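Spelled out from the first residue to the last, the chains are:
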Amino acid sequence: MHIPDNYLSPVTCAVMTAAMVPVWAFAIKKVKKELPKAKLPQLGIGAALTFLMMMYNVPLPGGTSGHAVGGTLIAILMGPSAACVCVSVALLLQALLFGDGGILSFGANCFNMAFVLPFAGYYLYKFIRERVKSKSGEYAGAIAGSYFGLVFAALLTAVEFGLQPLLFRDAAGQPLYCPYSLSVSIPAMVIPHLLVAGPVEAAFTVLILAFVKKVSPDLAEPLPGKKTRGVWGLLLALVCAAPLGLLASGTAWGEWGMDEIAGLAGYTPAGMASGFSFNALLPDYSVSGLPEVLGYILSAVLGTAILVIVFKLIASRKKPAGQH
Amino acid sequence: MIEFSGVSYAYDTAPALRDVTFSIAAGESVCLLGPNGSGKSTLLRLLNGLIFPTGGSYFFEGREITAALMKKAAFAKQFHQRVGFVFQDSEAQLFCPTVFDEVAFGPRQMGLDEEQTARRADDCLALLGIEALRGRQPYHLSGGEKKKVAVAAALALNPEVLVLDEPMNSLDPRTERALAQFLLQLEAAGKTVIVSTHDLRLAARLSKRAILFDESHAVAADGETAALLADRGLLKKANLVDWEEE
Amino acid sequence: MADIPQWLTRPEPYEPPKDRDRFLDRSIVSFVTLLSRFRSQSALERDLLWVSPVSKLAAAVLYVVLVSLARQFGFVYLMLAYAAVLLALLPARELRRCLAGAFAAAALAYLILLPSALAGSRYSITMIPAKAFVCVSFVNLLSRTTRWDRLTGALRRFRFPDLFIFVIDITIKYIALLGEFALQMLYALRLRSVGRNRGKYGSLAGAAGTLFLKSRAMSEELYYAMECRGFTGEYRTARVRPTWRDGVFWALNAGLVLAYFALS
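Protein chains in written order, with our numbering: chain Y, 1 to 324; chain H, 1001 to 1246; chain W, 2001 to 2264.
Chain Y extracted, bound-state conformation (with noise of 0.2 Å):
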């Protein structure tokens, strides 16, 4: 689900930062009035929590294994708005400081991880669990909620993904990012995680809820929530207006009308290539895009770097590792 960078355009990166600024504004004034200051680095270890769940390897039937995100079982833990602060700040770490890329597209996935996972995974929990009044409907919001949350999460990223090729193409309509469109891109990343990765989170979820809630059930209660309608109008704003605000930014870029982008929703690429040539990337040293000398020096530049790691490589290659 992290979305690395160079798939979104610049321009759609920074909507979705725009669209998380009031999250975020919203989601701070949040915690800052339900936690006393001196619990507020609190969020700080919420945020290492985060981090670490993502890290799991969690086992798939058949004897593979993925990740779980854990967004809405945060929430449910801490509350949605400290759940949003805890997973920007594990995917800003994440992004920075350990080189999962994604400094571009971090508003994006702070977007699909940070907001709309654990707000849309809680509402829907809170919405079961105050229907359902049993323990046994606890467990099914949580399982309803992180499974949802997370299809919902996937959907949107994958319209992020399938709205590049219909905004941005370059003069020979060649697309400049992601080039999957939606008709791709939707059942390409919904599908396995309807199938695959949702009842992952469900099963993660819910089973660390119950046994959170078997040793320690006081922790398992967040801060009391207030009116859940406010929220809910947010939520559904933002939803709506973070795809229209890409598609009107992109309009206003690419010069497409509206019943354009639906007849390109269809998109299949013109033309099967067979025999496909591949055009050596650097014929004779020379760059699409270069003068020639800069072409020449750059390559001479490159190559020496190149030989100067490739030695070190080597020489540090004889000292044997130590851990499996």
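No lab work stands behind these hints, which were simulated from the structure alone.
Note that the coordinates shown come from a computational prediction; the quantities given were computed from them, not determined experimentally.
Any given hint could turn out to be false.
Stated by the list, open to error - Using 20 Å as the maximum straight-line C-alpha spacing, the simulated PhoX-like pairs for lysine-lysine come out as follows: (1) W/Lys2173 to W/Lys2214; (2) Y/Lys214 to W/Lys2214; (3) H/Lys1072 to W/Lys2018; (4) Y/Lys213 to W/Lys2214; (5) W/Lys2214 to Y/Lys39; (6) W/Lys2018 to W/Lys2200; (7) Y/Lys133 to Y/Lys213; (8) Y/Lys135 to Y/Lys213; (9) Y/Lys135 to Y/Lys214; (10) W/Lys2200 to H/Lys1072; (11) H/Lys1071 to W/Lys2200; (12) Y/Lys214 to W/Lys2200.
Since the structure of chain Y is already known, use the hints to place chains H and W on it.
Quick look at chains H and W alone, frame taken from chain Y:
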């Protein structure tokens, strides 16, 4: 049975163990003595196949324990059944909802039916004197109780070797005495018991043999516990005592 | 105390049944790798690549933006050469890990884009894997040549409030602390996984759930520590003064920006 031959280990570039060589036969009771930071915990992790030597070799019953060998699930599982490990931090070792589940975890995995499992678990709980904690949650127990649960859980696998890392840390005197008593019982029953500690009195009580580590991460002495402990000069050099007594 | 029962005095003839628990090993590897990152970054007594952390941070973001915007391979090639030069300056161990990450990102991109390339769209597969390599390289260079407390301190320059930076520092510290605890739990689970575990999910949930409880306990302690010290939200971090090297660096960056426009 256990053979360390020139074993070294380094975390990235910082050395934790240097050229360690010793043998432990089945049924021996050995104490690893040394100050904090001398590499005892690292050695115990090597012993249990969690990490692997960066230099030298570790042999268990004649087979060299390497990362490749431990990747074979069948061997690894059998190995872990035969060598039980009790961590220094019991909190990190308990992850089941009740004490009984914790102790029953091992036998259940081994394929014993519920009746056999319950019998073994009850035996272990009785041995450690914690039958009353059967239905309690491990997370909320006191430090001493957690330690006993961890020992019971390791014991339920019926390992040949039991390894304990600083077992008496943060235990009150009565629990400490009870646990020491229990370990002596195990030794008498033929188990190989390896304990790491910096507590000299404990070493004297528990183990016939002591291997001393010093701050240079190497073996400083290896022999009969009583003799080793009598050599005050040696102990001072290893930073286990810091004033000359008597 | 009870007597030692019979079954404990006899050796156990045990043949382990088959089970799939690669997930446990993979989790352990993830956590071990994570913790070794902390060790190597705290060993940085002096930052490598000798430019102030603020400059490095701003530059890394700038480079990612420029590379992402670039539409011609020429500029990407320029940035690739630049990244390679910087990588060549790293010590071997850090270099290996940087490269691994960058190649992984590029390979992943290549795999994802292969279907579209085979269907005729050549631009993506030419540009995006290269861009991914370059961007991930620069971010890795940033985080592997700067000690992290200096990096978070650099955030102050960008008008982030003290409290926010404090929370981030706490997060980093507790990722290490809790990560160590989580790893111990995984080891414990592995050590006792001697057969077929029908309750794999339950065990993992137990480990993760206990991690949560441990984090709550640590939160309590942190709160008390904050109260005892009369925490008011003030937080000072070490400031690294920019030098003449930063001036040179930004002249270079200005040149890169010009190159971007020239090569568009």
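Cross-check of the supplied hints:
1. W/Lys2173 to W/Lys2214: 15 Å, holds
2. Y/Lys214 to W/Lys2214: 15 Å, holds
3. H/Lys1072 to W/Lys2018: Roughly 11 Å separates the two Cα atoms, so the pair holds.
4. Y/Lys213 to W/Lys2214: 14 Å, holds
5. W/Lys2214 to Y/Lys39: At roughly 16 Å apart (the allowed maximum being 20 Å), lysine 39 of chain Y and lysine 2214 of chain W satisfy the hint.
6. W/Lys2018 to W/Lys2200: At roughly 14 Å apart (the allowed maximum being 20 Å), lysine 2200 of chain W and lysine 2018 of chain W satisfy the hint.
7. Y/Lys133 to Y/Lys213: 16 Å, holds
8. Y/Lys135 to Y/Lys213: 10 Å, holds
9. Y/Lys135 to Y/Lys214: 11 Å, holds
10. W/Lys2200 to H/Lys1072: Distance of about 19 Å is within 20 Å: holds.
11. H/Lys1071 to W/Lys2200: 19 Å, holds
12. Y/Lys214 to W/Lys2200: 18 Å, holds
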